[in-house]
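Protein chains in written order, with my numbering: chain A, 18 to 242; chain B, 88 to 752; chain C, 97 to 343.
Hints in this document: simulated from the structure, not taken from any laboratory.
Treat the hints with care, since some could be wrong.
[Unchecked claim] In silico EDC-like cross-links for lysine to aspartate or glutamate, where the CA-CA straight-line distance does not exceed 16 Å: (1) B:Lys620 <-> B:Glu651; (2) B:Lys609 <-> C:Asp146; (3) B:Lys657 <-> C:Asp328; (4) A:Lys101 <-> C:Glu125; (5) B:Lys498 <-> C:Glu125; (6) B:Lys118 <-> B:Asp577; (7) C:Lys107 <-> B:Glu664; (8) B:Lys498 <-> C:Asp117; (9) A:Lys174 <-> A:Glu145; (10) B:Lys623 <-> B:Glu302; (11) B:Lys612 <-> C:Asp117; (12) A:Lys98 <-> C:Glu125; (13) A:Lys109 <-> C:Asp117; (14) B:Lys488 <-> C:Asp248; (15) B:Lys619 <-> C:Glu306; (16) A:Lys98 <-> C:Asp146; (17) B:Lys657 <-> C:Asp122; (18) B:Lys657 <-> C:Asp174; (19) A:Lys213 <-> C:Asp328; (20) B:Lys620 <-> B:Glu647; (21) B:Lys601 <-> B:Asp362; (22) C:Lys244 <-> B:Asp230; (23) B:Lys612 <-> C:Asp146; (24) B:Lys619 <-> C:Asp248; (25) B:Lys609 <-> C:Asp145; (26) C:Lys244 <-> B:Glu647; (27) B:Lys715 <-> B:Glu737; (28) A:Lys214 <-> C:Asp174; (29) B:Lys715 <-> B:Glu745; (30) B:Lys612 <-> C:Glu291; (31) C:Lys267 <-> A:Glu145; (32) A:Lys100 <-> C:Asp117; (33) B:Lys612 <-> C:Glu306; (34) A:Lys109 <-> C:Asp191; (35) A:Lys23 <-> C:Glu306; (36) B:Lys636 <-> B:Asp577; (37) A:Lys23 <-> C:Asp117; (38) A:Lys101 <-> C:Asp328; (39) B:Lys643 <-> B:Glu742; (40) A:Lys100 <-> C:Asp304.
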Amino acid sequence: MGGFFKSSVGRKVAMALSAFFLMFFLLQHFAINILSVLNPDLFNEVSHFMGTNPLIQFALQPVLIFGVVFHFIMGFVLEIKNKKARNVAYVKNNGAANSTWMSRNMIYSGVAILAFIVLHFIDFWFPEINTKFIKGDWSGTIEGVEGFRYYEELTHKFVSPIRVGAYVLAFVFLALHLLHGFTSAFQSMGATAGRKKTLQNIGKAYSILIPLGFIFIALYHHFNH
Amino acid sequence: MALDSKVPKGPIQDKWTDYKNHINLVNPANKRHIDIIVVGTGLAGGSAAATLAELGYNVKAFAYQDSPRRAHSIAAQGGINAAKNYQGDGDSTYRLFYDTVKGGDYRSREANVYRLAEVSTNIIDQCVAQGVPFARDYGGLLDNRSFGGVLVSRTFYAKGQTGQQLLLGAYSAMNRQIARGKIEMFNRHEMLDVVKVDGKARGIIARNLITGEIERHSAHAVVVATGGYGNVYFLSTNAMGSNVTAAWKIHKKGAYFANPCYTQIHPTCIPRSGDYQSKLTLMSESLRNDGRIWVPAKLEDAKAIREGKKKPTDLSEDERDYYLERRYPAFGNLVPRDVASRAAKERCDAGFGVNATGEAVYLDFADAIQRYGIEQAKIHNISNPSKEKIYDLGKAIVEAKYGNLFQMYEKIVDQNPYKTPMMIYPAVHYTMGGVWVDYNLMTTVPGLYCIGEANFSDHGANRLGASALMQGLADGYFVLPYTIGDYLADDIRTGKISTDTKEFEEAEKEVKDKIDFFISNKGSKSVDYFHKKLGKVMWDKCGMSRNEKGLKEAIKEIKEIREEFWKDVKVTGHANEMNPELEKAGRVADFLELGELFAKDALVREESAGGHFREEYQTEEGEAKRMKEFQFVSAWEYVGEPSEAKLHKEELVYENIEVKERSYK
Amino acid sequence: MNLTLKIWRQKDSSAKGQMVDYKVTDISEHMSFLEMMDVLNEQLVGSGDDPVAFDHDCREGICGMCSMYINGEAHGPDRGVTTCQLHMRMFKDGDTITIEPFRAAAFPVIKDLVVDRTSFERIQQAGGYISVNTSGNTQDANAIPISKHDADEAMDAATCIGCGACVATCKNSSAMLFVGAKVSQYALLPQGQVEAADRVQNMVAQMDLEGFGNCTNTGACEIECPKGISLDNIARLNRELMKAAVK
C-alpha cells in the first residue's frame, strides 16, 4: 500500500481523495454561508456550533487543514515532476487543439486559490484561532453585539470593495479549477468520467453554482450594508 | 552441390511427427552454452527468438527499426488461416494443404506445406493464450471469415489489423524473454554480412544505425528472418526500409536463392497518384468478400470518367463490366490474387482504366450496402423501409466490417467510398521466392537458417490470402525451434565462438570498405534516383506479365543502372553517425544485383505459374499455362555476376495431390 | 503549393539543436506529409546538404515509427492519422509549417526529428505480456469463451501502435495512455487475469522510473492518438493499480 502512494498513479489517487474531501467541505461551507443571507440567526447558531464543537474543532479541523495543505503541496510536487518530464519545450505548441484551458492550467488556478486562502485565513481563521485558542474566549460573543458575533463579523468583512473584488476573482478561479478538477478526480479514481454525461453535468453544475453562490453571498452583503 | 531437401520418408500426415520423434535434441543444461543470432524480428523472427530463448538458448535478436513491434508484419490486415474447422464447413488439415498447394500453382514443396497446415491450429491456440484479441461471435467463440481462392471459412482475424495483433503477441513473448535476459535485443542495427567459419555460419557483421559503429557478433547458428524483397520495384506495399540485404548477403556467401521471379502483385491497392509517390497502400483482400469489381463496358464511358466528364455512379448496370464475375463465375470476385491482378491489368491495358493515370478499376460496395440493408430491415421487422433507411442500415454493417479501411481510403484519396466506388489497382505486395531452405529451414550454408517471407518454401508461385502470417508464425514458433536443435546437438562442446578471427576481420573490412566507398564517392545522383530507375524497369519488364524480349532488356538495363550507380551515386553525411542515405545506398546496391537475378530467373522459367506470367505461355482464354518440365524449384548459386548465377533444380514431386490445371471458373 | 518549413535540426544526442528554415516549392496537395519531406531531402542531397533525419517505415499508419510534432500537434492537424497519413491538402499555399521532434525527457533526440523511444520497450518488458510458453501445447483456442464485448474492447485497446503521440502531446509527457492501453488489453481477457496485479504494478513502476510525468486528465492524448485509444483505458489502469494495491 505504501508503494502505491509513491507511484504516479497513487499520487493522483491521493490528489483525488483530498479533492473529494475539499469539494465536500466546500459544499458544507457554502450551505452554512448561504444561511447568512437567508436567516442570520440560524447562521449564528450553526457557526457557533461549528466553532465550538470539540469534535469539529479538534478532529475535523486538523483533517481539513491537512487536506488543504496536502492538496497544495502534492499539487506542486506533481507539477515539478511534470515540468521535468519535458526538458526541452516545444517552439510551437497548440494546446488549445486538444484540451481545455482549465485542464492545462490547474497550477495557476490553484495558486490563485491558494492566494485567496491566505487572505481568507487572515480575514477569518487567524482571528478565530486567536480568540479561541490564545485568548481562550469560547463564548462566541463580543461587546456591543447582541447574540453571537459571527454574522456581524461576516458582514463587516464585505464592506471593502477591494476585498469583495478579490473574493469574486478568487471564486472565478475556483470555478475554473473545479471545471476540470471535478471530473478529473473521478477519472483518477478509476471512473470513466469522460464517457459519463451525467457525471460531467453534475460536475459542471457544481463547479459553476457553488462559486457563483459564494460570489452572490459576498455581493449581497456588500450591497446590503 | 546437389540439392537435398531432406524431406523425411513416410506418409505425408506422419512425416512431421515421426521426424520430431527422431531428431537430435539438446539437453537443457547445454542450451545455456549455445548462442543463436536472429536477424529480423517480425512474425517469423520474433516468434523464433521468443521460442528459442524460452527453450534455453541465448538469443541475440537484430532489428533495423527502433523496436520489434515496427516490423512490417504489423501491416498485414486480413487474417490468418488455420484448419480448425470451427465453422464445421468441411475444413481439414488436408484441405488447407490442398488449397495452399493449388493456390501456389503446384510450385511449392509438398511436405513443407503439409506441415504448415498441420501446425496451423497450434498457432491459434498459442495466440489466444498470449492474449491476442481475435474477433469473436456473440457466443464468445472465435469468428472466421473466408478469403480469396478457397471455399471454406478458416481465416481468423482481429478487425483489419490481424498482423498487428499477431506481431504484438510475438513481441510480447519476446519482451518476456528480454526481461529474463534470454534475448539480447539489438534495435536500430542492420546486418551487413554473415560470417562463415569452416564453412558454417558463425556470426554476423552489423552496423549500429545510431552511432554508425560496425560490430561483430558471433553465434553457433544464424537465423535470417528479414522478410521479402518487394521493394526491388521501388513502389510496393512494403515498408520503406524493407530490404533484401541480409538475404542477398547470405546468398553471396553460399546460400542459394530460389525462385526470385515469383512475386505477388496484390489486386486491391490504392492506385498511384503521381511521380512523388513513395509507397503504395494495400486495402485488405477481405474487401472482395463484399465489393464487386468492375470497369465501364464501353471505352467512351471509361474515357469520359478519366476526363472527369462522367461519374461512376452515372453508369447503369448494363453499362458496367463486372469482368471477374463474367470470366470466373464460380469464384467471381474471390479468385486468387494473381488472377484478379492480371484481370485488372488486362482491362486497363485495353483502355478501360478509370483514373487519370488509366491504371485503376472500381471496387463497388453499393450492392453490399443494399443487400445488408434489406437483410437488416427484415431482422429489425421494418416493413416497407425507405431507400434511405435501407442505405443507412446497410452502411452501418459495411462500416462495422470495413470501417477502418474505408477511413484509410478516404484519408488518402479524399473520396467517400460509401458514396462512390473505391478505385483500386494491383501493387507489388509479397515475394514467394527467397532463400532456398531444406525441410529443416536450413539454407545451403550449414548453421544458416532462413524463415518467414525471406525463404521460398511454402507458397510456390502464388500465396493465398491469410497464409503469410500463418507461415511466419509456423516457422518461428513451431518448426525452426525443433529443427535447429538437430543441428546444434553437435555444437554442445564447441564453446563460445570468438570474434577475434580472420574470418570476422575480413568480413568487417569488406563491410567498412563499402561504406567508405559510398561516403567518399563524388557522385551526382541520389540513391533514390537509382532506386526509382530500377523500379521502373522491374515494373515495366518484370511486372504482372513478362516476355522474353522484355526480360532480356531488363537484364541489360539493370546491369547498366548498377554500373552507373557505382560510378555516380551520391551519399551525404558520414559513416560514424545516423545516416539514412547511407543505409539506403547499401540496400539499393543489393536490389540492383537481385533485380538482375530476378529477371534472369523469369527468363529461364518458360512457363506461366502463379505470380509469374509469361505472355508466351498462356491458354487461349489468357490464363496461365504451366509446363510439366518446369515442375522444379530454381535455386541459384552465386558465382559472381548475378546474371551468371548457376541454376540448381529441386524437382517437385506431388504424391498426395494431383497436379491439375488451376481453374477458378 | 509553396511552403516554408521550420525544422528542428540537431546533429546528435549531445549536440545543441536549433530551428532552421527551408523552402519547398511545387508541392502537390495529394502528397503525404512524408512525401513532402522526401522532396525537401532530395533537394538537400542535391545541394550537398545533410538531409533531415526522421523516423518512418510502413507509411500506412500502423508501424508507429513516424513521429513529428507539426504546427504544435503530434502527427499534425488532422485527426486519427499518423504523420505518414497526413496529406498536404490539410495545408495552404504559402503556409509556414513548424516541425519538431516528439519532446519528452524519456524520449531523447537521437538526430533531427528522430527520438529514442526505448523507454516504451522497457515498460513493455516490465510486464506487457502473458507468461505463457510459446513452444508448448496449450489448450484449444475455444476452450474459454470470451464475451464479444470484452474481446472487442480488448482489441480497441490493443490497436495502440506505440508511436508516443500521447506522450508528445501531454503537457506532462505522461505515458499513461500507452501503459493503460496495454494493461487494459490483458485486464479485459481471462488469460490476462492470472498475473494482472504484478503486471500493472511493474509496468507503472517502470513508467515512473523512465521519467514520464503524471496524468492530469487533460484528455489531449486521446484526441491526438492516431488510433483513437480511449481515455477509459487510463481509468482502467487506475482501477487495476488500486485493485492490485489492496490485494
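Verification of the supplied hints:
no., hint, verdict
1, B:Lys620 <-> B:Glu651, "holds, 11 Å"
2, B:Lys609 <-> C:Asp146, "holds, 15 Å"
3, B:Lys657 <-> C:Asp328, "violated, 50 Å"
4, A:Lys101 <-> C:Glu125, "violated, 39 Å"
5, B:Lys498 <-> C:Glu125, "holds, 12 Å"
6, B:Lys118 <-> B:Asp577, "holds, 12 Å"
7, C:Lys107 <-> B:Glu664, "holds, 9 Å"
8, B:Lys498 <-> C:Asp117, "violated, 28 Å"
9, A:Lys174 <-> A:Glu145, "holds, 14 Å"
10, B:Lys623 <-> B:Glu302, "violated, 35 Å"
11, B:Lys612 <-> C:Asp117, "violated, 24 Å"
12, A:Lys98 <-> C:Glu125, "violated, 42 Å"
13, A:Lys109 <-> C:Asp117, "holds, 14 Å"
14, B:Lys488 <-> C:Asp248, "holds, 13 Å"
15, B:Lys619 <-> C:Glu306, "violated, 42 Å"
16, A:Lys98 <-> C:Asp146, "violated, 36 Å"
17, B:Lys657 <-> C:Asp122, "violated, 24 Å"
18, B:Lys657 <-> C:Asp174, "violated, 35 Å"
19, A:Lys213 <-> C:Asp328, "holds, 11 Å"
20, B:Lys620 <-> B:Glu647, "holds, 11 Å"
21, B:Lys601 <-> B:Asp362, "violated, 30 Å"
22, C:Lys244 <-> B:Asp230, "holds, 10 Å"
23, B:Lys612 <-> C:Asp146, "holds, 14 Å"
24, B:Lys619 <-> C:Asp248, "violated, 42 Å"
25, B:Lys609 <-> C:Asp145, "holds, 14 Å"
26, C:Lys244 <-> B:Glu647, "violated, 58 Å"
27, B:Lys715 <-> B:Glu737, "holds, 14 Å"
28, A:Lys214 <-> C:Asp174, "violated, 26 Å"
29, B:Lys715 <-> B:Glu745, "holds, 13 Å"
30, B:Lys612 <-> C:Glu291, "violated, 56 Å"
31, C:Lys267 <-> A:Glu145, "violated, 41 Å"
32, A:Lys100 <-> C:Asp117, "violated, 28 Å"
33, B:Lys612 <-> C:Glu306, "violated, 43 Å"
34, A:Lys109 <-> C:Asp191, "holds, 15 Å"
35, A:Lys23 <-> C:Glu306, "holds, 15 Å"
36, B:Lys636 <-> B:Asp577, "violated, 50 Å"
37, A:Lys23 <-> C:Asp117, "violated, 45 Å"
38, A:Lys101 <-> C:Asp328, "violated, 26 Å"
39, B:Lys643 <-> B:Glu742, "violated, 40 Å"
40, A:Lys100 <-> C:Asp304, "holds, 14 Å"
When held up to the earlier numbered hints, the structure conflicts with 3, 4, 8, 10, 11, 12, 15, 16, 17, 18, 21, 24, 26, 28, 30, 31, 32, 33, 36, 37, 38, 39 and fits the remainder.
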